[in-house]
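K.L.:
Protein chains in written order, with the working numbering: chain A, 1 to 108; chain B, 1 to 163.
Treat the hints loosely; a few may be bogus.
[Claimed, not checked] As a list, the in silico BS3-like pairs of lysine-lysine whose alpha-carbon atoms are at most 25 Å apart: (1) Lys87/A with Lys82/B; (2) Lys73/A with Lys114/B; (3) Lys104/A with Lys14/B; (4) Lys104/A with Lys114/B; (5) Lys87/A with Lys48/B; (6) Lys52/B with Lys82/B; (7) Lys52/B with Lys49/A; (8) Lys13/B with Lys74/A; (9) Lys74/A with Lys114/B; (10) Lys73/A with Lys82/B; (11) Lys114/B with Lys30/B; (12) Lys52/B with Lys74/A; (13) Lys45/B with Lys104/A; (14) Lys14/B with Lys106/A; (15) Lys30/B with Lys49/A; (16) Lys30/B with Lys82/B; (17) Lys30/B with Lys48/B; (18) Lys8/B with Lys104/A; (19) Lys104/A with Lys13/B; (20) Lys138/B with Lys104/A; (21) Lys108/A with Lys8/B; (22) Lys73/A with Lys8/B; (23) Lys30/B with Lys13/B; (24) Lys48/B with Lys106/A.
By construction, these hints were calculated from the structure, which means they are not laboratory data. Note that the coordinates shown come from a computational prediction; the quantities given were computed from them, not determined experimentally.
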Amino acid sequence: MESRRDVFQAIADPTRRGILTMLIQQPQNLNTIAENFNMTRQGISLHVKILEECNVISIRRQGRERYCDLNAKKIAEIADWLEPFQKMWEGRFSQLDNLLHTLKRKSK
Amino acid sequence: MNETTYSKDPSGKKLIVTRVFDAPVDLVWKAWTNHTLLDQWWAPKPWKTTTKTMNFSEGGHWLYSMNGPDGEQSWARVDYEKMVINEGFSAADSFCDEEGNITDALPGMHWVVKFIPMGDTTTVEVQSIFASEADLEKIVEMGFKEGFASAHDNLDALLPTLS
């Protein structure tokens, strides 16, 4: 199975959303992240790996510690994710405006 | 043009779109419930909607195709659940084949559409409700990938930079 690696895959899981939320304030080391979740260290490592592959976080090694930091530019794509939905409705509604305008003229 | 507002319900499963139209409620209602009129505005340009069958009543459904400029075609059906004339209706929206058989390849959604008259204008509120947050994301992402209108806007933005 081909696994997707994009922002949508990154936010598709509640644990991954939780990790991203933690990183909004500041970079965190992997141990601190793991302590915040009721999950094995291996489980958290897997989610962190997926987040890195999705390019929404970067991992920096400092001695024996591994620090995770948010890739803000990539995260901004999530903020934009409603845009196509909005464009679809804008397109529809401007056509509906025109139609209603025509109907109003006819009914006069 | 009137402003459209968008909000996401805290559950993450509901998108709410609100828009004021400069027409009385009976006219706006007609545009949403008569297929000859729906065909004229439902598909965002350059797509076109073609109704195959429509029975706007509780338990009835609307079967239509969306046709793209390069011959792409997708089918959808809307099953009407509850309705109060000139006030609102609820429905289930699903992807299907041209016979109206529902396909599970993409998640469906529920709609609650409300019409609120205010003088000569009408406010329309559309709630799109998904089974899960993941379903909502899948639909939005699909819209993103197929591009709909946005692909053409992107192209418009790109062309001047190429010359």
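K.L.:
Against each hint, give a clear statement of whether it holds in the structure.
P.N.:
Hint by hint, here is what the structure shows:
no. : hint                   : verdict
1   : Lys87/A with Lys82/B   : 28 Å, violated
2   : Lys73/A with Lys114/B  : 37 Å, violated
3   : Lys104/A with Lys14/B  : 33 Å, violated
4   : Lys104/A with Lys114/B : 21 Å, holds
5   : Lys87/A with Lys48/B   : 16 Å, holds
6   : Lys52/B with Lys82/B   : 22 Å, holds
7   : Lys52/B with Lys49/A   : 48 Å, violated
8   : Lys13/B with Lys74/A   : 23 Å, holds
9   : Lys74/A with Lys114/B  : 36 Å, violated
10  : Lys73/A with Lys82/B   : 44 Å, violated
11  : Lys114/B with Lys30/B  : 13 Å, holds
12  : Lys52/B with Lys74/A   : 42 Å, violated
13  : Lys45/B with Lys104/A  : 23 Å, holds
14  : Lys14/B with Lys106/A  : 37 Å, violated
15  : Lys30/B with Lys49/A   : 52 Å, violated
16  : Lys30/B with Lys82/B   : 16 Å, holds
17  : Lys30/B with Lys48/B   : 19 Å, holds
18  : Lys8/B with Lys104/A   : 33 Å, violated
19  : Lys104/A with Lys13/B  : 36 Å, violated
20  : Lys138/B with Lys104/A : 38 Å, violated
21  : Lys108/A with Lys8/B   : 39 Å, violated
22  : Lys73/A with Lys8/B    : 22 Å, holds
23  : Lys30/B with Lys13/B   : 29 Å, violated
24  : Lys48/B with Lys106/A  : 24 Å, holds
Checked against the numbered hints above, the structure breaks hints 1, 2, 3, 7, 9, 10, 12, 14, 15, 18, 19, 20, 21, 23 and satisfies the rest.
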